Amino acid sequence: MEGELALLGKYIGAGLATIGLGGAGIGVGHIAGNFLSGALRNPSAAPGQMANLFVGIAFAEALGIFSFLIALLLMFAV
Amino acid sequence: MATEEAGSGLAIHPMDQFMVKPLFGNGPIEWYTPTNVTLWMGIVILVVVALLVLSTRRRAIVPSRGQSVAEMFYGFIHKMVEDVAGHEGLKFFPYVMTLFMFVFLSNMLGLIPMSFTTTSHIAVTAILALLVFLTVTLVGLYRKGIGFLAMFWVSSAPLILRPILAVIELISYFVRPLSHSVRLGGNMMAGHAVIKVFAGFAGAMGVASVVPIVAIAGVYGLETLVAAVQAYVFTILTCVYLRDAVGEAHH
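As given, the protein sequences belong to chains G and W, one line each in that order.
For the first sequence, the residue numbers in our numbering are 1 to 78.
For the second sequence, the residue numbers in our numbering are 1 to 251.
Chain W extracted, bound-state conformation:
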């Protein structure tokens, strides 16, 4: 049993993997400093471009493998936007598709060992969620005018309940960007931290470390599922919010 109790618990700190480091040197991080976050965001965008633009350049009747994957993503998101946000919501299809590809590939590429998951930072997901929130609010106010506020006045409820429901609806509306961003960031961060915690056990248990290594393999499989599901959930919630802005009143 190799016990390395170095004062403060685990030898591998589970949160170290989320450190933002500059790529070159050790200087302070300014807004223009290229960091590992910038690097991995760039890689994600390159992969998206390679998948969606380069692989569909030679559009064939019998699609190549890359083209099939790109068409599958396109069809999947197109159907989701049409089903959830309604026909009017299709104007926002490019935006939703961009969001989905970015989030999905950040999650997936983040699962490669030694890589960096940009979506595990709430700063990144908060910007994405705030953009969705602002888009929904501005588009809703632009398209429906003051009628957009009727969303908070639940006309199907008894009159006496409506003011109370209006307050609740208002709170839940403004909490949306918070829950939208923390759901994605928290899920990504928690999963990666769990894997690191198990890795810390593996380092400290000698022969018995087979157990945590098998557990890591299992958790890794689960994390792959979570990465896909969270990208899906982020996108479908964007569609649900867009329905409030562009669709007919659903109350």
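Bound-form chain G, shown alone:
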């Protein structure tokens, strides 16, 4: 591949890959918002569900992090 063109593709690809992080943002916001609406309905049950909240957020975030990883790989490894 031509050097300049490959560099261009690399940067554009890395930028496109970061769009995936928006999906992770939607997912994490969805979980946190639903937790809050549930917690306001039944505040006494909320503290016991904190662990589930964080695990859910972590799983949702993982998929966004894969796109971040793709961006990193394009920037520094390809």
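Derived from the structure by calculation, the hints contain no laboratory data.
Keep in mind the model is a prediction, meaning the values are calculated, not measured.
Beta carbons are placed, not taken as given, at the ideal position from N, Cα and C, and that holds for glycine.
Hints may be right or wrong, so weigh each one.
[As the list claims (entries may be wrong)] Listed next, with one range per pair, are the computed distances between beta-carbon atoms:
1) Val78(G) / Val175(W): 18 to 28 Å
2) Gly145(W) / Gly9(G): 42 to 52 Å
3) Ala77(G) / Val214(W): 28 to 38 Å
[Unchecked claim] Simulated crosslink set (DSBU-like; lysine-lysine; CA at most 30 Å straight-line):
4) Lys79(W) / Lys144(W)
5) Lys21(W) / Lys10(G)
6) Lys10(G) / Lys196(W)
7) Lys91(W) / Lys79(W)
8) Lys21(W) / Lys196(W)
9) Lys91(W) / Lys21(W)
[To be verified] So these bits of chain G aren't anywhere near chain W, every CB distance computed over 12 Å:
10) Glu2
11) Lys10
12) Ser37
Let chain G serve as the given structure and place chain W on it in line with the hints.
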């Protein structure tokens, strides 16, 4: 307006802070070379020892400040392991506690200006995550034998869906060490890079650099939260994975 457009963008490169440098001289880095990573890992371990061993040496009924903090950490992790991994998982409490203290203090000490965050390197977090993965797999196979593989065969699903779910479960199982490590490393690295980017703005904006400096203070506060939450998430995910190995089948 002091504009220093030196050809390639920012004057302070946001990724420079993650460079691994030898402590003495400028030689090549071998596996035995003491680097800034080694230094900060050593400092983290010294702080853990000081917190958990030295401060609880004189165990008093009315605890000192250090002892209270150590007991708080101990109780917090103990409860987490018991709640999430089950009673059987308490055998792994020392391991989980070690992981939490190391990750938590690496994140926190990394927030000190001019220090080095060892957990911002995916090489470091990957080793931690691979150890968790290997522990879970080996312990699960040892304790449950071939029954450990029943984890992938979701018996509560309709029969026709089970092969498809088995493939998905298998993929998600082997992706665990990757997501486990990149989550911690990526969060740490991204936060520090953001602060450095804002610092680069502050250097280039003259009087208006008050704005990025205030922003840095805000981001720093957020990063402190992220450092604690990511250590918590790393530990609780370890507990969740351990539950697969030692707990009863949850499907």
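_In rising order, the numbers of the hints this structure does not comply with_ = 9
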